[in-house]
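Peer 1: Spelled out from the first residue to the last, the chains are:
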Amino acid sequence: MALEASAPASRVDIIGALRQAAITALITFGLLLPLIGFNTVQNIRNEIVLETRWPLLAALVAIIAAGRFLHAILIAPWLARRAQRQRREDAVRTAPRARGARWVVPFALGFAAVYPALALSLAGTQGAVKWVDNFGVQILIYVMLGWGLNIVVGLAGLLDLGYVAFYAVGAYSYALLANSFGLSFWILLPVAGCLAAFWGILLGFPVLRLRGDYLAIVTLAFGEIIRLILINWVPVTNGYTGISSIPRPTFFGIPFNASDEGFAARFGLEFSPVYRTVFLYYLILALALVTAALTVRLRRLPIGRAWEALREDEIACRSLGINTTNTKLTAFAMGAMFAGFAGSFFAARQGFISPESFTFMESAVIVAIVVLGGMGSLLGVAIAAVIMIGGTEIMRELDFLKAVFGSDFDPTQYRMLLFGFGMVLIMVWRPRGLIATREPSTLLNASRSSRRHEEKAQSTRPSLVRGRHG
Amino acid sequence: MSAANHAAATAGAAANATAPLSSLAPVLSVDHLSMRFGGLVAINDLCFTARRGDITALIGPNGAGKTTVFNCITGFYKPSEGRIALQFGDPGVWEELGALTQRGTRRASRGDGVLFLLERMPDYLVTQKARVARTFQNIRLFQGMTVLENLLVAQHNPLMWASGYTVLGALGLPSYARAERSAIDKARYWLERTALSERADDLAGELPYGAQRRLEIARAMCTDPALLCLDEPAAGLNPSESAELGRYSMRRRFSSSSMT
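For the protein sequence lines, the chains are C and V, in the order given.
As numbered in this note's numbering, the first sequence has no gaps in its residue numbers, which increase by one up to the final residue, 467.
As numbered in this note's numbering, the second sequence has no gaps in its residue numbers, which increase by one up to the final residue, 293.
Just so you know, the hints here were simulated from the structure itself, not pulled from any lab data.
From the three backbone atoms N, C-alpha and C, an ideal C-beta is built for every residue, glycine too.
Here chain V is said to cover these stretches of chain C; the calculated rule only asks that three of the stretch's residues, wherever they fall, bring their Cβ under 8 Å from a Cβ of chain V:
{"hint": "1", "segment": "289 to 301"}
{"hint": "2", "segment": "308 to 322"}
{"hint": "3", "segment": "428 to 440"}
The shape of chain V in the complex, shown without the other chains (with noise of 0.2 Å):
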């Protein structure tokens, strides 16, 4: 764990672990990752890890790089250097790293762990296979659409495969209409906690802001994820909404690295 601060003109970012040590493996790897647009360096040298069932925090000024980390890990940038390693199931995978790096794919498994280097990956590969669900400084919600659908839009995937992508689900077959249900299933259970349950057939755009910064925690957590990132979970929100935003997350408990 390192924290990297250099006084490249504009950035430098910095990487702090709050967490108590514990002796489990990380999720998350981050090593020596660097991202230039052009002539400015937004991140420099960047090392830190995040452990499973921790928050862990990245922390800094304003346009520190704290989101273009996070748009590094999600796969919505491409790094310049450096290398951003997850993986979960069985520890032992870590010790395929330096070989997976060699190799020059994407994934190594070992057992039932497995190792993505998401750098290599297109963005929605990382959410759909690594398991790394994000949400956004700035709310991108589907405000057209209701809240329920919302959740089920971020149970994409696992439908589009019960559906038999679409062919079997437009035949009627009462398998997806199961799928459906539990998928719907989920999406009340996350209605749930988050206090969200009462509004389920309105329109997220209607939702006040606290509740929209809930709904996308909601969202990004039906997509069941290994690794939740919050960009600025409590931006916008008075001193009230951000207490109870903490104690959702508190309570949830997943593994996750969170974001102030």
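For reference, chain C alone in the conformation it holds in the complex (with noise of 0.2 Å):
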């Protein structure tokens, strides 16, 4: 239908959409019938009234049929010329465009720097708690955990629906060992991250031979086992009450408190508990930059070739003399591991922990944050990552809303509903995620290839026409 209307690309289609329009009325008003048409209400004597409410019926119908008479006329058109346009870029867009990412990644990485300097100062101290911790450090762990997946997911191409669950046995990790052997944040962080990388190599060994959409829902199981023994565990990990007064990280010692010994005291500060939060957030981001770090050196290794030689093509891999078991194994423990270190991080932060935040739904928006950032690229991940989390957030603080739409509006509540909007959008806008170009782990002759590629961008259609007909 798309192909057709952008045929006689000049001539709209009027009859065409009118007709469209039309029975998608009849649709709607089918539908919307017993839903909207018709209400039940109790009066005042406990009986069920049927009520009639044609006029809203009658406003839903008009405005969807309304939607689709412009989306036939308008959108779908724009959307096949824009395809079409896309296809014959797409020849030309494995080139890196990196001429805009030169300046984005410094320009982020100084923004990060100084984000709570900046809260503190237009905020207050007292405001400026709210913006470091909901904005900054939560958008920040959900960073480091989309750049633990991506290893996982981006590089070696394994698809984990369960990668919360490593994430929970590294907040468990830290909340358990911490309060039963008073042991310090900075021992169990890495303790957290070994635990979570051998329970990565445990998932890893039974779903070896597995790919795909096997490999999913194995994963998605193993997530929900790791959630159901945090729950039935009773003895050791309280069940559904959680573990509460985890100890907080200390500043290299010395606690963030009120008391003499304290933080502020010992620097001459006022006490806050913004000093606590702005430590958090530095901590949170020093974990994330060393996991892009390490990312960004693996991939130049063989390690992390030979992850990316097993997304394209396993057999391929095997008779190159690749060991896949081990390349695989170490994918998943590397993957655990940065969300073991996540996970430690969260408890020491919350200070209390419970199954519930380790559920299947914060797989997905892993996933998700993963999938649209473009899988294998750092920024877009980040970028993800910051929409999909300070979305949320912003959501809570939209509360002009409620002047528009009354008191009991709840802007968070349409939160899934604009995911899932933001998704379709983002899978028809740009299919392969926000940042689909791939940087190439080395160059044979780094200057000449890209004065080559820039010819490339102008000259090449051909190479795929010329593709595989063998």
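Assemble the dimeric complex from its two separately framed chains, guided by the hints.
Peer 2: Right, dumping it as structure tokens:
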């Protein structure tokens, strides 16, 4: 249909659009008649009375029909034209479009570094806690989780839907070990990472032979198993109640409290919870940057290339003498380790954890971040995390909408609707994620090739046309 | 050298050594190889040898089981019966063959000669330890990676060793940087020999079909093989492209077994 509409691109098919709108109106009417048209209410004598709501039904049908009409005459031809152009550009697209990214990365890093100072000066010490914690720390946790999962999904091509399990392992490792042995955050951070990596390998063994959908189902089940263990192993994990009073991280031994030994007193500052928040912010920023730096590094090492080769073709990998078992297990372990780090940070930041923080929904959000950002692209994943998590938090702030829609309107209830809508838009507009280009890990001749890529962008078209017709 | 051609319902493989007799000992010896998939006999009692420096061709009609033989040699299939022995270094090690077969292990050595029983090895070890490289009938390149990266993935094992199984490499030790430079030099050498230097930084999937075939051979050569198995190397090429490919293969004089 889209193609037909675009073929005589100059003329808009009004009759066809009207017909489509009429059909849509009919379907909508049929669907909404029982749902909206009739309503049952209880009257004062507790009897159920049938009410009809014809004006509302008519308004909804009219809106949907008008929307379908506009889609048919405006949006569908536009999308078809776009898709055609896209197809032509796709051949050229593979050349790195790094020109924009060159200043985006330093700018983003600089902004992340000064963000707490910015929040403090703009919102004051009281208001800044919310901005640094809800936006800064929360987003960075997901950036780190996204970058960790990016190793498994983006580089090694193993779709892991149970990633939150390793996050939970990290969080519970820290909470339980810190509560029972009194060990400090800095000792338990690597311990939690190692434990999560161990569970990553444990998950890896049974799923070695699986790929694609089957792998996704098994990892999803694994995530649920971990969550159910956390709920049901009450003597250790305290079940639904969770673990509270988890020790908070200290500033190299100096606690963040109001005592004379506390951070504020030692540095001659007035006590405020904002110092701890700012410290946590820089902590997670450092952890996330370590994740990114290690990923960049590993991509240039043989193990990283083997991961990407595994994503491209497993059989060819084995024919080149690569031990695919070990390669897959290291990918699982690496990804799980970063989730373990993030998990122990999460437990230390919250001071309280329960199985409810580690539902499948979290896994789905992390996978969505990686897929929307563009698999394998660190920058894309970070942008997607900012949009998804920042978007959720922003919605809590939109109090002025209550003036428009009435006082019991809660924008966060529409979060999932907006997410779904945004995802559909991105999948239509950029099916391979926000940033779909891949930087080669090495170039034979860097200076020559960058020049050639530019030439190529201008001249070559036929590379895909000549494809494989063997 | 015996050509086994049995009239089993669908299959039967024809083996044929086209090269002139040479005094050199064989690099590969296949004895009484059979492969059955359920009731289907794909290879029935095949025996042949391939000598070092020769080009040995395995020919037969569609469905004769040529690719199955290759999959058995390279460890992708475990043969139902038979022995596949590969040797490099001192040929005297062939005398160990009987003892090795009895012993039930996969490797024997004498002096600098090494003998492997390929049917006892998992596929990746056949390439890693016994140095058998292969190409595929349907080209299997890493399409989303550049040509150069394809050749570096082929040198995974030596590079992995040089990077201290990632640990030393991640710390940025100069020894790994040196190893990677020499790996790139080797890749550059094979790119020049296959006339692909110009396209080293392009995605492998963007190359024309003939160039993809050449790249797959270059990638196999980067594993430093003692035996190179080319599965239908000329499939899908036009006459001039296959002549070109033949020239490359001849000029190279690798110890190899090739297949048409």
